[in-house]
Every structure is written in structure tokens, then in C-alpha cells.
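Chemist: Using our numbering, the first residue of the sequence shown is number 1, and each one after it goes up by one.
No lab work stands behind these hints: they were computed from the structure. One or more of the hints may lead you astray.
[To be verified] Derived CB-CB ranges, DEER-like:
id, residue 1, residue 2, range
1, Ser105, Gly172, 26 to 36 Å
2, Asp72, Thr23, 27 to 37 Å
3, Ala5, Thr122, 49 to 59 Å
For every residue, glycine included, the Cβ atom is placed at its ideal position computed from N, Cα and C.
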Amino acid sequence: MTPRAPALGLLLDVDGPIASPITRSIDLPEITRDLVALAAAGVPLVFNTGRSDAFIRHEVVAPLLAAGLAPDARVFGVCEKGAVWFAIGERFGPAGIGEVHVDRSLAMPADFVDEMRDLVATRFADRVFFDETKHAMVSVEQLTSIDTAAYLEFQPVFDSLAREALQRRGFGVQRLDDVRPDASGDVQWRIDPTIISTDIESIRLGKDLGAARALELLSDGGELPVSWRTVGDSRSDYAMADWLHSNGYSVEHVDVRPADGVPEKPYPIRESASGAIHDEAGAEFLAGWLREVS
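Using the sequences and the hints given, assemble the complete structure.
Modeler: Laid out in C-alpha cells, this is it:
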């Protein structure tokens with residue numbers, strides 16, 4: 001008998017819907033509990049994030065293993081917006097993740113990486129840190145010791161210096177809110193400011209590439225879900241649902257921070273009925289989906 005396809009699959013951003021954007025950890029125990037229960041019910045889970053594999057190992061995988069993630073669960077991580085991917089589960093030992101795959105063709109130039117590291121160390125170490133765990137992207141993140149308003153006031157200064165450093169090397173540079181150019185043009189790199197960081201990355205990276213990686217991973221191990229739910233806290237996260245919809249999959253997107261504005265899309269968009277945001281909204285939706293599949 002052919003195994004029945006899962007009724008539901010989840011493609012989840014991490015910062016915001018799962019981990020608190022303030023503490024950068026999973027603060028609500030019901031989130032871990034319900035993720036484990038959903039996986040046990042046969043729901044494939046893919047964390048599609050700009051975070052590194054090291055971050056996911058420590059802040060997501062470790063709590064899932066401690067909560068009893070089933071050995072045969074279909075759980076995967078797609079990190080750095082599609083540049084890095086791996087399987088998750090206790091079958092991989094104490095670290096909980098399988099072989100980490102990295103697409104090196106998407107990595108930033110080494111001399112630019114070095115310059116950004118030095119820039120943070122010499123000028124901005126009291127406000128941000130340089131994320132040494134990234135394989136392809138350059139990420140500079142707000143210290144939790146400073147408040148959001150102070151960080152967002154400083155962020156454009158760093159972003160401008162990063163743009164200048166790329167232009168000095170002869171590269172075109174795109175901000176995320178620019179019109180997306182053809183990847184074959186002279187623009188190779190993108191600056192993506194978020195509410196807690198700035199990511200500098202190949203324009204080929206994005207949550208749409210992450211969605212494509214996710215389906216490749218799931219296709220190797222069983223039937224694909226009948227319907228998808230994508231979850232995020234920024235406008236760039238809609239690219240997950242855009243990709244799924246454009247490739248013929250049934251999808252609904254959950255926006256856990258709709259204050260940025262909810263765009264018009266050809267698929268359903270959901271917000272928390274209670275008005276909750278970030279991980280509190282994420283917890284609400286996970287609990288609801290668990291009731292559905294149970």
C-alpha cells in the first residue's frame with residue numbers, strides 16, 4: 001500500500017514565530033512541546049531561516065531533542081536563506097543534526113568578510129557582534145544589552161559602510177526593498193536589514209530558495225504534504241508562500257508581525273485572532289494545527 005501523503009507541512013521562520021526576537025531563544029515551552037507533537041503526528045517540519053546551522057543546533061534542535069523528538073520525524077533545517085541545509089533528529093547523535101551541506105558558490109568574498117569583521121571590532125563592538133558561525137552570509141547582529149531603538153538608529157550607518165565596501169570592489173548592491181534585479185546582471189549582493197540584524201548576502205539567497213531546498217529534502221524521504229503553512233515575521237518571509245503557490249502547491253501564510261503591512265497575495269494570509277505577535281502568535285497557530293491533525 002502506498003503511504004498516504006501528510007495532510008499538512010510546515011515551513012517555519014525561526015526568529016519571531018519560534019524564538020523570541022528579544023532573547024533569541026525559544027522562551028515558550030508550549031512551542032517546543034507542540035513542534036514535537038506535530039512531528040510525531042507525521043507533519044513534516046522545515047525551519048527556513050537566515051540563521052546559521054550552529055544557532056539552530058543550540059537554540060532549536062537541543063530543545064526538540066530534550067522534549068522527545070521522535071527518531072523517525074521528518075524535520076529539517078534550511079539555513080542562511082538556502083545556502084545551508086541538513087536533517088534533524090536524535091538518530092544523528094547528541095548534536096541532533098546530520099551532515100551539513102553548504103553551497104559555497106553563494107558565499108561572500110573572503111576579503112569583504114574580513115573587512116566587515118574588522119569594522120565591527122574596531123568601531124561598533126559596543127552595539128553589535130559579527131556572527132562567526134555563518135558559512136555564506138555576513139551577519140551583524142544587535143547586542144541584547146542595547147535596546148531596539150538605539151540599534152535601529154545605528155543600523156543605517158553600518159549598512160551604508162557595507163554598501164560602500166562592496167561598491168569599492170566593483171559590485172552592484174541591492175537593498176531588499178529595491179526592485180529585485182536579474183541575477184545575471186551586475187548586481188551580485190544584497191543588504192537585508194532586519195529588526196535585530198543586517199544580513200549581507202548573494203541575491204540568489206532568499207526564503208524562496210529555502211522553500212525549494214525544503215521540498216528537495218522532503219522529496220527524498222517520502223510523500224510531500226497535501227497543503228502547506230508558511231510562517232514568518234517579515235515581508236521577506238512571504239517568498240516561501242510565493243514559491244509554493246507559483247509551483248502549484250496549496251499554501252496559506254501566517255504573518256506574526258503584520259505591522260509591516262500585509263501585501264495582497266493570491267493565497268490566504270492569516271494573523272493571530274487574539275492580536276498576539278511574534279512567538280506568542282506562533283504558539284497559537286502551532287496549537288491550532290496540532291488540534292487539526294490530532
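Chemist: Hint by hint, say whether it matches the structure.
Modeler: How the hints compare with the structure:
1. Ser105 <-> Gly172: 26 to 36 Å: 18 Å, violated
2. Asp72 <-> Thr23: 27 to 37 Å: 31 Å, holds
3. Ala5 <-> Thr122: 49 to 59 Å: Holds: the Cβ-Cβ distance is about 54 Å, inside 49 to 59 Å.
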